[in-house]
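Protein chains in written order, with my numbering: chain A, 81 to 273; chain B, 81 to 273.
Please note that the accuracy of each hint is not assured.
Said to hold, decoys possible - Counterexamples of contact, computed for chain A against chain B with all Cβ distances above 12 Å:
#1 Met105
#2 Thr201
#3 Ala218
Unchecked claim - Interface residues of chain A toward chain B, partial, derived using beta-carbon atoms under 10 Å:
#4 Gln101
#5 Lys103
#6 Gly128
#7 Asn129
#8 His137
#9 Asn144
#10 Trp149
#11 His152
#12 Ile240
#13 Ala244
#14 Phe245
#15 His257
#16 Trp258
#17 Gly259
#18 Arg262
#19 Phe265
Claimed, not checked - Some residues of chain A that are not near chain B, with every Cβ distance over 10 Å (derived):
#20 Val155
#21 Ala179
#22 Gly246
#23 Gly253
Don't read these hints as lab results, they were simulated from the structure.
Even for Gly, the Cβ is constructed at its ideal location relative to N, Cα and C.
Protein chains: 2
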Amino acid sequence: MKKLEFFFDLSSPYSYLAATQMKPMAARHGAELVWKPMVLGAVFKATGNDMPARVAHKARWMGNDLARWAEHYGVAWRWSSHFPVNAIKAMRLILVDDAKAADVTLAAFSALWADDRDITTPDELSRIAERGGLEPAAALQAIETPAIKDRLRANTDEAIARGAFGAPTMFVGDEMHWGNDRLHFVEAALRRQ
Amino acid sequence: MKKLEFFFDLSSPYSYLAATQMKPMAARHGAELVWKPMVLGAVFKATGNDMPARVAHKARWMGNDLARWAEHYGVAWRWSSHFPVNAIKAMRLILVDDAKAADVTLAAFSALWADDRDITTPDELSRIAERGGLEPAAALQAIETPAIKDRLRANTDEAIARGAFGAPTMFVGDEMHWGNDRLHFVEAALRRQ
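Turn these sequences into a full structure, and let the hints steer you where they fit.
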């Protein structure tokens with residue numbers, strides 16, 4: 081079966097934009113879609129990369145560019161007043177139940193990048209869990225367990241080992257694509273696979 | 081009249097790829113196309129940005145990504161054995177005669193990024209001048225004059241003042257787009273203008 085692996089950090093706005101396109105893209109090619117949250121800060125540190133918004137001119141352009149992509153896709157987006165946000169607990173929620181990963185991911189992305197909610201609080205984490213189909217109290221306990229913490233670390237290590245340096249990063253087999261602006265190449269790779 | 085301003089550095093491979101698309105794009109919208117060579121190193125220094133290839137993982141991905149874009153456009157491309165190249169003299173050639181700017185630019189880009197030639201030598205500069213429709217001996221004298229040197233500096237200063245941080249950078253009016261991967265947004269801006 082074709083497989084599309086989507087590595088992302090919830091705190092990355094371009095990851096949000098790409099995430100809104102993943103389910104339809106995988107469906108068009110009958111591909112299995114694997115949601116792989118990773119800690120982007122650790123990827124930057126391991127590879128010597130840095131936040132694009134560190135360059136002031138780039139940050140200004142990014143605000144406009146992100147708005148243009150959101151309009152292009154027809155999805156809600158606004159700059160988060162909580163940025164840069166520590167999304168680690170929310171990303172662990174995605175790893176509680178693989179069958180719910182898509183719904184939890186999209187609920188968390190919307191909370192942060194469409195509705196400007198603070199995704200670090202227990203109340204908001206509960207709300208995301210619930211919208212994603214998890215039992216909130218159990219999910220909030222699960223994200224404090226070593227098993228779930230280790231899965232997020234393992235995803236991050238895997239991304240680095242496979243050559244990632246930013247987010248989103250998509251794999252079709254061993255072919256790696258970086259960026260919301262490369263979805264046409266991802267689509268071509270799925271077509272060829 | 082609609083206007084499309086294309087800021088680029090010859091040493092930037094993504095600038096080469098975008099340059100191959102500029103004339104047809106401008107023609108589709110009846111827009112005046114203005115070729116604006118600039119010194120990317122100075123833009124990086126002024127804005128705190130850096131070469132993408134500085135990050136080893138990104139450099140590896142870039143090699144594949146550039147090849148995919150070249151195939152997508154159907155243009156020749158190979159990694160230059162002369163990279164990073166000092167393209168300042170070749171960029172000054174573009175500024176000798178505005179009526180020849182397009183031809184000189186495309187001749188220089190092809191020499192570097194399709195034919196792997198060393199664009200820093202007097203012989204190759206003469207060849208680029210000739211292929212671009214300039215009288216080579218006069219052109220090679222012109223690029224040592226303060227007037228031409230100043231024009232390249234002025235382009236660079238203008239790009240920085242208008243918010244650029246990388247190459248290629250395209251303006252449609254005041255709307256700025258960065259990157260070969262944003263040509264669809266440039267096209268949309270030309271359509272709206």
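Quick rundown of the hints versus the structure:
| no. | hint | result |
| --- | --- | --- |
| 1 | Met105 | 17 Å, holds |
| 2 | Thr201 | 34 Å, holds |
| 3 | Ala218 | 37 Å, holds |
| 4 | Gln101 | 15 Å, violated |
| 5 | Lys103 | 22 Å, violated |
| 6 | Gly128 | 5 Å, holds |
| 7 | Asn129 | 5 Å, holds |
| 8 | His137 | 4 Å, holds |
| 9 | Asn144 | 8 Å, holds |
| 10 | Trp149 | 9 Å, holds |
| 11 | His152 | 8 Å, holds |
| 12 | Ile240 | 8 Å, holds |
| 13 | Ala244 | 7 Å, holds |
| 14 | Phe245 | 4 Å, holds |
| 15 | His257 | 8 Å, holds |
| 16 | Trp258 | 6 Å, holds |
| 17 | Gly259 | 8 Å, holds |
| 18 | Arg262 | 7 Å, holds |
| 19 | Phe265 | 6 Å, holds |
| 20 | Val155 | 16 Å, holds |
| 21 | Ala179 | 32 Å, holds |
| 22 | Gly246 | 7 Å, violated |
| 23 | Gly253 | 13 Å, holds |
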